[in-house]
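*Asks:* Chain by chain, the residues run as shown.
There are 2 protein chains.
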Amino acid sequence: MKHFDLSLYLVTDRSQSQGRPLEYIVKEAAEGGVSMVQLREKSCTSREFYRQALSLKACLKPYNIPLIINDRLDIALACDAEGLHIGQTDLPCDVARRILGKEKIIGLSVESIQDALDANTLEIDYIGISPVFSTPTKTDTATELGLTGIREISTLSRHPGVGIGGIHPGNARAVIQAGAEGISVVSAIMSAAVPRQAASQLRDIVYQSKKIK
Amino acid sequence: MKHFDLSLYLVTDRSQSQGRPLEYIVKEAAEGGVSMVQLREKSCTSREFYRQALSLKACLKPYNIPLIINDRLDIALACDAEGLHIGQTDLPCDVARRILGKEKIIGLSVESIQDALDANTLEIDYIGISPVFSTPTKTDTATELGLTGIREISTLSRHPGVGIGGIHPGNARAVIQAGAEGISVVSAIMSAAVPRQAASQLRDIVYQSKKIK
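First to last, the protein sequences are chains A and B.
Under this note's numbering, residues 4 to 216 are what the first sequence spells out, in order.
Under this note's numbering, residues 4 to 216 are what the second sequence spells out, in order.
One or more hints might be untrue.
Stated by the list, open to error - Covered stretches of chain B (chain A as the covering partner; in silico rule of three or more C-beta atoms under 8 Å from a C-beta of chain A): (1) 9-18; (2) 49-58.
Stated by the list, open to error - Think about it this way: if two alpha-carbon atoms lie no more than 20 Å apart in a straight line, the pair counts; the simulated EDC-like pairs of lysine to aspartate or glutamate are: (3) B/Lys45 <-> A/Glu51; (4) A/Lys45 <-> A/Glu26; (5) A/Lys64 <-> A/Asp97; (6) B/Lys105 <-> B/Glu147; (7) B/Lys60 <-> B/Asp97; (8) A/Lys45 <-> B/Glu51.
If you're looking for bench data, these hints aren't it; they were derived computationally from the structure.
Ideal Cβ placement from N, Cα and C applies to all residues, glycine included.
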């Protein structure tokens, strides 16, 4: 049985950390209450990615927070991360599952109703519903799905879903109320002046919204 | 026991194929006598890399030519390639060996005498001695090692070495005579008007030079 909590899922983006080391932001975010962390790197060498992954794994261990690696199955294996997050242009899910085994967490980004339907046939553990709102973080994603998209996908999906894209304290409650199990954020924590406080505020909103739901 | 022949080792570079599919060049090169092929991709998605790797593996199977994947251990695992080639900024060799197992071929690029000395302590199967001559293919590599470098490294290394960088029919013999087990080429085959002929010519030079050596 895999244990993970999608409530507040931080995805890293070094370019939004305002010069602060990822380790600092991740530790602060852990103190503030993030429940999962995804390391996403798109322009460094494999060696740097590996070292960064090892370092974040060590940061998260005392908190028992799972580290998920974006796209790179080899890095996930190399650092023995708790899981892998794949997009529609990454390795196919069945290939990733075969190599990673049943014990690891695999998440998949879905960008449409059709993606979510297709995901129902796959051995994955959660879906990232993306993008909920338009966002400057990712420029290569599909049209925003909005709260209607979250609602439709949460209803039809057999996997728990986490919303991602443009989520902040002002709209987090609505995303949970629309059916998501959690929210995933980049800039709302990465760029926050006090990442611990930002995480804590978001966590409180998610937990309160889940109670009401 | 791993069987591989470093004599003529093609490294792919889509940008040098002059619009021709990699499958075409690789089949032609196989017909012409290349003994190993390395798939190197630096700017495509993981899904594209995986599909390309599967496709080249199918091309090479009838010739019993090993497919080696550059850098990406996950792609090597996903397509069950015969091996992995890693550079000094890729995953550490010991990590790659642990994940790939003893049966797969692992090659390492060495760019200096010191790299070659360090490689003697590693569980790898061959070294790529790079760059022998200056080349427009890779812009991120160290100073050219020249024939003197090939000679020194071949003498001190416990691994067989393949020279790479600026090798063509005019200097291939000298590289083998300096101690390399083989030559690795990119543009000499990728950009050739008739890749099969280019491969065949290079193979003849290598085999003749080895006889004399």
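*Asks:* Kindly indicate which numbered hints from before are broken by the structure, ordering the numbers from low to high.
*Replies:* 1, 5, 6, 7
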